[in-house]
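Mind docking these for me? Both chains are given alone in their own frames, and the hints should help you get the complex.
Going line by line, the protein sequences match chains A and B. Numbered per the working numbering, the first sequence finishes at 395, counting up by one with no gaps. Numbered per the working numbering, the second sequence finishes at 1286, counting up by one with no gaps.
Because the hints were derived from the structure by calculation, they are not lab data. Keep in mind that a hint or two might mislead.
What the hints assert, rightly or not - Below 25 Å or equal to it, Euclidean Cα-Cα: the simulated DMTMM-like pairs (lysine to aspartate or glutamate) are:
| no. | chain 1 | residue 1 | chain 2 | residue 2 |
| --- | --- | --- | --- | --- |
| 1 | A | K167 | A | E198 |
| 2 | A | K220 | A | D186 |
| 3 | A | K342 | A | E93 |
| 4 | A | K248 | B | D1133 |
| 5 | A | K123 | A | D373 |
| 6 | A | K170 | A | E30 |
| 7 | A | K248 | B | E1134 |
| 8 | A | K266 | A | D250 |
| 9 | A | K167 | A | D186 |
| 10 | A | K167 | A | E374 |
| 11 | A | K86 | B | E1112 |
| 12 | A | K351 | A | D373 |
| 13 | A | K167 | A | D373 |
| 14 | A | K123 | A | D137 |
| 15 | A | K292 | A | D302 |
| 16 | A | K270 | B | E1128 |
| 17 | A | K270 | B | E1134 |
| 18 | A | K266 | B | E1168 |
| 19 | A | K266 | B | D1133 |
| 20 | A | K270 | B | D1133 |
| 21 | A | K220 | B | E1128 |
| 22 | A | K193 | A | E246 |
| 23 | A | K266 | B | E1134 |
| 24 | A | K248 | A | D206 |
| 25 | A | K270 | A | E225 |
| 26 | A | K194 | A | E374 |
| 27 | A | K72 | A | D341 |
| 28 | A | K72 | A | D275 |
| 29 | A | K123 | A | D79 |
| 30 | A | K266 | B | E1151 |
| 31 | A | K65 | A | E93 |
| 32 | A | K169 | A | E198 |
| 33 | A | K292 | A | D385 |
| 34 | A | K140 | A | E365 |
| 35 | A | K72 | A | E30 |
| 36 | A | K167 | A | E246 |
| 37 | A | K220 | B | D1133 |
| 38 | A | K248 | B | E1128 |
| 39 | A | K99 | A | E61 |
Listed here are the chains, written in short residue letters.
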Amino acid sequence: MTLSRRDFALTALAASGATSLGNPARAEAEPIRIGWLAALTGPLASPSIGFDRGVRWATDEINAKGGIHGRKIELVVRDTQGDPTKAVNATQEVISRFKVHAIWGPTNSGELLATSPIMARAKMPSLVAGVVNSLIDPVKYPNAFRVTPSNNQWDAAVRNYTINVVKAKKVAVVADATGYGTAAHDDSVAGFKKAGIEVAYSGTIDPAQPDVTPDLLRMKNAGAEAIVAWTVSTGLASRIMNARAELKWDVPIVGHPVMGSGDVGKLVTKPENWDKVYIVGYKSCSFDDEGKLPPRTQAFVDAVQGKIALNDTSLWWVVSGVDSIRLIAEAVEKTGSSDSDKIIGYWNTLKAWPGLYGTYSFTPEEHNGYQTDEIVMQKANSQHDGAFSLAPGYA
Amino acid sequence: MLQAILAAGIAVGATYALIGITYNLMFSASRVMSFTAGQLGMAGGVLGALFIGRMGFPVIPGMILALAGCAIIGLVTEFVAVRPVLGALDQHLYVLSTLGLALMIQQFTAIEWSTEPQPFPRLIGIGEGGPFDEKFWLPVVACAATVGGLEYLYRRTLVGRAFLAIAEDNFAARALGLPERNLRMASYALAGVVGGLAGFASGELLLAFFANGAMLNFLGFVPVALGGLGNNRGALIGGLALGLFQQAANFLVGGVFASVAVFTVFIVVLLVAPQGLFGAPPSRRV
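Looking at chain B on its own, in the form it has when it is part of the complex (with noise of 0.2 Å):
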């Protein structure tokens, strides 16, 4: 009984705290927040059913085609919806045009697609339905490897040390000459990756289902604000909380009553560490 709790929380978890990482990537290189975080592991599960499941590719080609797929549409929404608001960040003018290109991605697949929830293949063919079951971990596995990877990407090579220095003074990084439309583009196109990973791995637990672009959307935000905008490692423990918590809570309680303990632990957490539990609390400059 625990056991299966704690596989379907860790993997929901892992999900969530990777498409809270979606959010921080788009964040850092622009400050904005793409409320399209969501609607990328939507479509990651669709893209990979659409090409392994309907089209026949094997899986490792049709998870690449699946990211690529997930990598245009980080583009498309640096191009449609961030590029022509960031001169206008104080407005919060993002909010609309990246909900409503969200929005958009979200009609355009339940027209093309489907409306109703449609089955994400099989990849590997590992573990019975028990807790060791390919569904449970393969999200963590992608969730470890994302994480590693990024830290690797910050932390040992020029593009990610470019990245950060964006993310922390975008005018001063540019006054050094960084390319800053470049790696703000790369990030996009990195976070349409991550996100659609998400949603790829999660696919046998998610299904590939228009409608999950909203609920990641959502539940995808909490990791963010719990560990704190632009702290992956605080989305990573954010998320596995949030999902192991949820789980818990539909054991315990059940139905509606989770969603309300979720949240209800939500706001308590940000009424006492309002900037999130591994966020610094902002310095400004008197």
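One chain only, chain A, in its complex shape (with noise of 0.2 Å):
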């Protein structure tokens, strides 16, 4: 067959009327491409591994669907290693070169105190999951909403607990000698003087001091009801347990949750040292007297089963990482659009959002999403598949 200059004509026409045509439809199928900052490697891998376990289930279960308005979920993840620079260079990568609609993580604050104001400058719709209180600011993050607690409403939560149910009348605050643990105990203390209770003793201890019998000692002797510790130092936490047991002290031990990690439990030098420690939690995902979970939770757990593992990690990571990738879904599904203007919009009108890890609420004034009356306090010993039973008080 010969082709003539006119059906050349009409082929070209009609070809190119197919290219424009394809256009929308090629629009329409653009994935939504999440950017997760997630430190994988590294000493602060720990909650990254549990949050990418429900951030993959949560991107596989809308894609099974179809995806949102036909749009399939894209995950563009890079290990920042939970090193500050890797995570703003991976920031930068996301958002220049691979074009993301939004980012989770990075999740500890260290990276994201350093990342926070390059997403901020990209407008970029931000969902944080680290506690320091700074990083949460409408005015200069517009962008930038918190799925966590904050600090403030850890410390709030602790506090209560030692007032209304210790009824702790004297406390001792200790804190490890770190960045963090310095401006936690500071938090922490004014939280208790301002509440009217009387700080007998209050210091930071340096986490690799071996023998903390005299600080010990010294909170015993100032006539302390309770001791409230904020560390992120198992070895710390675990020689007050030691030391408390041995000085014969029967007072309770509230504070930050790494109090309940497994690595405690085998440095504690008798199982009993873990008894009446008492760490931050979460309504969702503790057990009752019943030894049962919230049916939202169950129900969740039930549909992993065999799928993603719980037993290594804290359920509460798994399932925040669930919540995130399906609030940045809503909002597309909602507004019909993965323009970042449309999904901060969208989150700025979010009232009592029920997640799995919790019920979310945000306006343009408050971006701390999360409620303080789901944190709970938990036994810290009483961890199995990834959840704590609540501590005693609870109704």
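Encoded structure:
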């Protein structure tokens, strides 16, 4: 067959028409790209590995159902190794090169302090999982929304429990001598004083100090009725528990979740040294007196049975990862757009959105979305399947 | 109360003293301040926990294996970080080479072992957490045995006298036909054993933790400076004094202020007696 000039012109016209018609279809099918900046290796990797399981499960779940308005979710994952410098590079890379529509992570405060200004400059919708109070500021960072509690909220939960359930009139506030520990210590002391509780002892301890008996003696001599401990060091946490037992001092220890980690369980000299230690936790991920999780969480645990390992991680990390992907997907679904101002605008109106990890509410003035009353205290030595039992005092 | 402070103070003091002696052993054989001393202590704890706690060896074979491992680290230090820079001691290149090796040992442990402190097994099972618990007196026993053993070695044996000869005057000793290189290597292996013993004996107190190395490097150096470089008895007294003072400061002022107090006293002592409390002022032939 010979191709006449007329046929050629018609074919070319048809082809160009098809191309131009195809463009909107392709735009619609453009994936929703989510930058997932995770410390997947290195000393701070444990939380990110847990978050990652939830992130991937939620992504697969949404994509299996055909995505959002026909658009699949595409994760752009970068391992920051917990290093702020690498986190900054990864943030710039996912924004400039991959043109992501939203970012989840990095998941620790040190990295977030470095990356937040970059994300704010790019007006990048971002979900924040760091506890440092200053990470959230709707004026400086109108793009950043916290989906985990802030340090203030943890502090309030510990204080309320110590005052209302333990009924301590005099407390000892102790922290490790790191940047985080010192800041948490100062906030905690100020909070107790404001609440009219006597702080009988307050101090920071070097996490490498081999024996903390002298420090606990000071607390005991000062008449403290509870120890409030803010440390991310498993070594220090277990030394405090061991010294308490050696002094035969029967006061509760209330504080940071790291006191419930399996490493502490290995470091206490006797299992009973781990009793009467209560850590910050979440209602959504707590077993009640009958050993049951809340129905919403239980349904998730049943659904992922055999698909996600929960026995070597914290359940809250996993469900928080699920919630974050769903929050981004929800914003695109409701607004029909992945534009940053649409996503940010939608999140600003979110009211009591029922996630697995918590119920989130945001307003343009308040970007701390987690509800303080969903933070509870848990028994530090009660972990199984990634969750803990509620501490005594909750009906 | 006083008992608790004394027990913990003497125990950590004995550990610092042993690290101080480790510094001295390496220094007297080579005139090099090797910053791997603290890492040897850390390795003693980690290897002890590995062999006895994880691999299930009985205590004595586990200890021998841990100390042998530390002796090998001592030999590696000599070969990798000391021997190549011996020719340029006045340029202090050893600071860089030994510090570099120390960091490598620390990072390797962090990657292969754990970044979190790991439990160290109960070795004998004496004392239930009181001031007479084995975790407090094992370092003291280890320290006494080491000091006694070294005194015996130096004063009663030919090899010990050869060590002293090398320490006293390297060139003269070589001129007399002493095998200086072999003796130096033996000294580094011995330093490895002593450093490893410090970490092994205090394992129940310090735990098997990769970051202990840096802490021991620092606090083990204080008794050396207080007691005079190369003076083991000075290191012993300096170490015990440091441990007791540190624990007392923890009780009296607590936390970071305790560290400030420790180093204030350290600086004041060095200002008053720059050669150390027990060191003789250096004499110079004019």
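Evaluated hints:
{"no.": "1", "hint": "A/K167 x A/E198", "result": "holds (12 Å)"}
{"no.": "2", "hint": "A/K220 x A/D186", "result": "holds (21 Å)"}
{"no.": "3", "hint": "A/K342 x A/E93", "result": "holds (22 Å)"}
{"no.": "4", "hint": "A/K248 x B/D1133", "result": "holds (15 Å)"}
{"no.": "5", "hint": "A/K123 x A/D373", "result": "violated (31 Å)"}
{"no.": "6", "hint": "A/K170 x A/E30", "result": "violated (59 Å)"}
{"no.": "7", "hint": "A/K248 x B/E1134", "result": "holds (18 Å)"}
{"no.": "8", "hint": "A/K266 x A/D250", "result": "holds (21 Å)"}
{"no.": "9", "hint": "A/K167 x A/D186", "result": "holds (21 Å)"}
{"no.": "10", "hint": "A/K167 x A/E374", "result": "holds (21 Å)"}
{"no.": "11", "hint": "A/K86 x B/E1112", "result": "holds (22 Å)"}
{"no.": "12", "hint": "A/K351 x A/D373", "result": "holds (16 Å)"}
{"no.": "13", "hint": "A/K167 x A/D373", "result": "holds (19 Å)"}
{"no.": "14", "hint": "A/K123 x A/D137", "result": "holds (14 Å)"}
{"no.": "15", "hint": "A/K292 x A/D302", "result": "holds (12 Å)"}
{"no.": "16", "hint": "A/K270 x B/E1128", "result": "holds (10 Å)"}
{"no.": "17", "hint": "A/K270 x B/E1134", "result": "holds (15 Å)"}
{"no.": "18", "hint": "A/K266 x B/E1168", "result": "violated (48 Å)"}
{"no.": "19", "hint": "A/K266 x B/D1133", "result": "holds (19 Å)"}
{"no.": "20", "hint": "A/K270 x B/D1133", "result": "holds (14 Å)"}
{"no.": "21", "hint": "A/K220 x B/E1128", "result": "holds (20 Å)"}
{"no.": "22", "hint": "A/K193 x A/E246", "result": "violated (29 Å)"}
{"no.": "23", "hint": "A/K266 x B/E1134", "result": "holds (19 Å)"}
{"no.": "24", "hint": "A/K248 x A/D206", "result": "holds (23 Å)"}
{"no.": "25", "hint": "A/K270 x A/E225", "result": "holds (22 Å)"}
{"no.": "26", "hint": "A/K194 x A/E374", "result": "holds (23 Å)"}
{"no.": "27", "hint": "A/K72 x A/D341", "result": "holds (20 Å)"}
{"no.": "28", "hint": "A/K72 x A/D275", "result": "violated (48 Å)"}
{"no.": "29", "hint": "A/K123 x A/D79", "result": "holds (22 Å)"}
{"no.": "30", "hint": "A/K266 x B/E1151", "result": "violated (39 Å)"}
{"no.": "31", "hint": "A/K65 x A/E93", "result": "violated (29 Å)"}
{"no.": "32", "hint": "A/K169 x A/E198", "result": "holds (6 Å)"}
{"no.": "33", "hint": "A/K292 x A/D385", "result": "holds (12 Å)"}
{"no.": "34", "hint": "A/K140 x A/E365", "result": "holds (11 Å)"}
{"no.": "35", "hint": "A/K72 x A/E30", "result": "holds (8 Å)"}
{"no.": "36", "hint": "A/K167 x A/E246", "result": "holds (24 Å)"}
{"no.": "37", "hint": "A/K220 x B/D1133", "result": "holds (21 Å)"}
{"no.": "38", "hint": "A/K248 x B/E1128", "result": "holds (12 Å)"}
{"no.": "39", "hint": "A/K99 x A/E61", "result": "holds (23 Å)"}
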